[in-house]
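Protein chains in written order, with our numbering: chain D, 1 to 151; chain S, 152 to 559.
Bear in mind the hints are in silico, worked out from the structure with no lab data behind them. Just so you know, not all the hints are guaranteed correct.
To be verified - The calculated EDC-like cross-link candidates involving lysine to aspartate or glutamate, where the alpha carbons are at most 16 Å apart (straight line), are: (1) S/K489 <-> S/D539; (2) D/K54 <-> S/D423; (3) D/K100 <-> S/D426; (4) S/K489 <-> D/E91; (5) D/K92 <-> S/D539; (6) D/K89 <-> S/D423; (7) S/K490 <-> D/E91; (8) D/K89 <-> S/E455; (9) D/K54 <-> S/D426; (10) S/K505 <-> S/D539.
Stated by the list, open to error - If the Cβ cut is set under 7 Å, some of the chain D residues that face chain S in the computed set are: (11) S47; (12) D56; (13) P65; (14) N104.
Yeah, the Cβ is synthetic: ideal placement off N, Cα and C, and Gly gets one too.
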Amino acid sequence: MGLKLVHRFIFLAIICAVFLSTSANGAVKPVAVIVNTDNPMDDITISTLRRMYKNDVLKWPDGVPVILYELDVYSPLRATFSMSVLGRKPEKIAEDWAHKKISNQALNPPHTIKSERLIMRRVSMQRGAIGYVSLSRTKDRDDIKVLVIIK
Amino acid sequence: MKCFITLLFLFTFTLACAFSPVDAIGADKSNLEQRIKKLEKRVKKLRKKNRKIEKSSDYQNKLKKLDEKTERIQKILEEIENESMDDQDNMLSDLVKISGYADAELRITNSKNANNRFRMHHLSLFFSKRVQKKWQFFSEIEFEDAPVMESIHVTDNADTIQGKVLIEQVYIEYKPQLGLELRFGRFLTPAGIWNIFHYYPYLPTQTRPIFIRKIFPEFSDGVQVRRAFTIGTTMFDAHLYMANGEGNPGRLDRNNEKAVGARLNLSKDVLDGLDAGISYFRDFDNNKSLNNSYAAHLKLNHREYRLQSEFALRNNSPDTSSNFYNIGAYVQLSYDLKKWTFAGRYDWYDPNNKISDNDQARYTGALNYHFAHNVIGKIEYNVNEFSDPLEDDFNELITSIVIAIGDL
Numbered sequence: 001m002g003l004k005l006v007h008r009f010i011f012l013a014i015i016c017a018v019f020l021s022t023s024a025n026g027a028v029k030p031v032a033v034i035v036n037t038d039n040p041m042d043d044i045t046i047s048t049l050r051r052m053y054k055n056d057v058l059k060w061p062d063g064v065p066v067i068l069y070e071l072d073v074y075s076p077l078r079a080t081f082s083m084s085v086l087g088r089k090p091e092k093i094a095e096d097w098a099h100k101k102i103s104n105q106a107l108n109p110p111h112t113i114k115s116e117r118l119i120m121r122r123v124s125m126q127r128g129a130i131g132y133v134s135l136s137r138t139k140d141r142d143d144i145k146v147l148v149i150i151k
Numbered sequence: 152m153k154c155f156i157t158l159l160f161l162f163t164f165t166l167a168c169a170f171s172p173v174d175a176i177g178a179d180k181s182n183l184e185q186r187i188k189k190l191e192k193r194v195k196k197l198r199k200k201n202r203k204i205e206k207s208s209d210y211q212n213k214l215k216k217l218d219e220k221t222e223r224i225q226k227i228l229e230e231i232e233n234e235s236m237d238d239q240d241n242m243l244s245d246l247v248k249i250s251g252y253a254d255a256e257l258r259i260t261n262s263k264n265a266n267n268r269f270r271m272h273h274l275s276l277f278f279s280k281r282v283q284k285k286w287q288f289f290s291e292i293e294f295e296d297a298p299v300m301e302s303i304h305v306t307d308n309a310d311t312i313q314g315k316v317l318i319e320q321v322y323i324e325y326k327p328q329l330g331l332e333l334r335f336g337r338f339l340t341p342a343g344i345w346n347i348f349h350y351y352p353y354l355p356t357q358t359r360p361i362f363i364r365k366i367f368p369e370f371s372d373g374v375q376v377r378r379a380f381t382i383g384t385t386m387f388d389a390h391l392y393m394a395n396g397e398g399n400p401g402r403l404d405r406n407n408e409k410a411v412g413a414r415l416n417l418s419k420d421v422l423d424g425l426d427a428g429i430s431y432f433r434d435f436d437n438n439k440s441l442n443n444s445y446a447a448h449l450k451l452n453h454r455e456y457r458l459q460s461e462f463a464l465r466n467n468s469p470d471t472s473s474n475f476y477n478i479g480a481y482v483q484l485s486y487d488l489k490k491w492t493f494a495g496r497y498d499w500y501d502p503n504n505k506i507s508d509n510d511q512a513r514y515t516g517a518l519n520y521h522f523a524h525n526v527i528g529k530i531e532y533n534v535n536e537f538s539d540p541l542e543d544d545f546n547e548l549i550t551s552i553v554i555a556i557g558d559l
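The shape of chain S in the complex, shown without the other chains:
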């Protein structure tokens, strides 16, 4: 009997096991079918609703308005994009670009002719405006030593007027094509490197080589043509100009002669960039001296090193005395290490080769720290030596902070 009951239990259990899952799956399936049917009904209802909405004029109007708005936004975006691209292509812009730099110094010297002093050395402002696609206005106004100018004079003594206001550059530029520029007005005399590239945020030192501005004039009033072109793998950048000549800026030209000059620079892809060139300037000055100036320059970049050197001489032919030369040169090496720049320079100047013992030499060491790419702290130490025994040698320590205000 026990055996029979056990068998019956086993049989029932087996049947239950065999059939119960099938029943569960079947139940799930029917549930799913019901849910699908419900969902299908809801979809049908939604479709009907959607058709009604689509047919309604209100919806159509809203859709049209939305399309119109989208089109307008797209047009505005295209206009903005085109305007910004025009500007990028150096086309007409509504804005005058303003840029510049300023530097403040502390000069400590053992020279008998100068005292230790703070100096608000430069404030230079550049204004540039592309007035038409091919026409541009460019100017540089320099305020040196924070000039004081008063309508009511505190003193009548002209010697007490401080500082200098100088229009260093002001010209109208015509640029008919890339690599061809015509400039009318006052421009930096294109000679060598320093005469053009002399802006203190981008130089390691605060003093310029002694001969700069003594052989070629700082700026010239006249007309200049610049042409840049490539031959093979060499880039040629040429400046040709005619001007009033040295000592004749402003309203008057004190002699009938006109000065002419030229500069040619070659750029080659040697190491990390090689620039080399020559410059020439011919001027019959106000003292009736015919002066022919010649210069050669070299700049070589290699990794973090930069070598820069210039040599210049002027053959002076005065009307009443014999010819003489004034000659100058410098070599400068700088090295960038992260935010630091180290630089050393030797420069030398002989104002008259016919007179012995009048040479001047200067040894300069400089250390720069770039707080940011446009804020630089500088320390410079220079040793000045004179071959003239009557001139006292002196040393100078210059600390300065220099900022660049934009970069055009």
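The shape of chain D in the complex, shown without the other chains:
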């Protein structure tokens, strides 16, 4: 009887875990990494993207300086981007940047903008800009270019 109860408990725990994990996954929106239409690149690897957002790459292959945009530290979209591309939580990445900025060692820190709409507007206006927004927002937009989709 006791063993049965344990089995039931384990079963319920697994169900709960699966439910929680699937519900968490369900909330994740696909992220589109966008650049200016004049940018000659048509795609980008996650590795290059990571190096760019870590300031290990400062210029595009054609020599244009990279201008990085990112969303607010509490944005769910930034959490997806941060975990998928940078491998760490946004808060930790933000702490690293804060430490670099306070030491005046940040070479080319990302500009944090709360609005996805404004990120798209800035990327559409600045040749070296790169940012990320929800994939759904990029539909029917011919003033920006999607380089990669992160799911």
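Since the structure of chain D is already known, use the hints to place chain S on it.
What follows is chain S alone, placed relative to chain D:
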């Protein structure tokens, strides 16, 4: 007869059924036609009215004014957008950026040389101003131990003056392009990791490794060039500088020699980020000793783990005695778990390799809780061991609360 009446009833009923809906539809249709005609008349009237309004000068004037207002609003919006973009592009801003951090501690120790105490350890304020597109001013003013300075002295004894006010950094920076920076003034000596990245809201411990500031100076007054560039998939970040040398900050330089130094850091996309580098500093100090300092550093991130280590040594060549080395090293491992950070560190320092039994070692364990990304509570326990039998080992428990004030 009954049969005839029944037939007649049935016939009449059938006729009624057959023709009455047609009549209803016909009635509806005529009603609809009438309503359409009425609506058409109303539309004609409205069109006539509209034409009259459109022709009237008052309407035209109002329309013009509205267009003008719309244009003005659009221009203002564009200007606001451009201004904010200029600022984002590190162009001229009207504001001085202020940032900093503060930490308050409770230190409990069994050392014979210190008492248990509260300590308002740091208040550091950073001021930064981009005065022109390529020119920036940067400064860090540190108030350590909440200094008391009075114009009317309560006591004349200098020993009772509390705390320290220190201009840790103040320089003018010229940044002609991304990845190239020239700094003139006082800057943190670019050496290793800790000498540059030592700000307490972003460190797990409240104590620094023993050898830090004993092999390379904390800051230097002089000129520095920083160049960052990528070769292949490796990022190179180089600092070159010339300065007055250790012990010569401020107005006087007490010897004619100038110190030179360099730091090179490589970043690779290994695991979740690898940084490795070397540092060098050459100084002829005020005691007529030629000192050559060397260091190597390593930082590796993997998921929530961070490994950081430095090794440094200085070859001291005094004018009147034989050479000796002072050597130090530390290894620190930290792990982030949600709002918690766990850290452990071992560090060691030998101030003179020619003298035996003068080493010091410290074992540190630390636990941080991030109330928010800029408010951190810390508990740290360290065990300090001395090889010199005349020195007493001691342990220390430090609890602290640290806040970051903005991040520039």
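We went through each hint and held it up to the structure:
no., hint, in the structure
1, S/K489 <-> S/D539, "42 Å, violated"
2, D/K54 <-> S/D423, "10 Å, holds"
3, D/K100 <-> S/D426, "14 Å, holds"
4, S/K489 <-> D/E91, "10 Å, holds"
5, D/K92 <-> S/D539, "41 Å, violated"
6, D/K89 <-> S/D423, "12 Å, holds"
7, S/K490 <-> D/E91, "10 Å, holds"
8, D/K89 <-> S/E455, "9 Å, holds"
9, D/K54 <-> S/D426, "12 Å, holds"
10, S/K505 <-> S/D539, "14 Å, holds"
11, S47, "6 Å, holds"
12, D56, "4 Å, holds"
13, P65, "5 Å, holds"
14, N104, "5 Å, holds"
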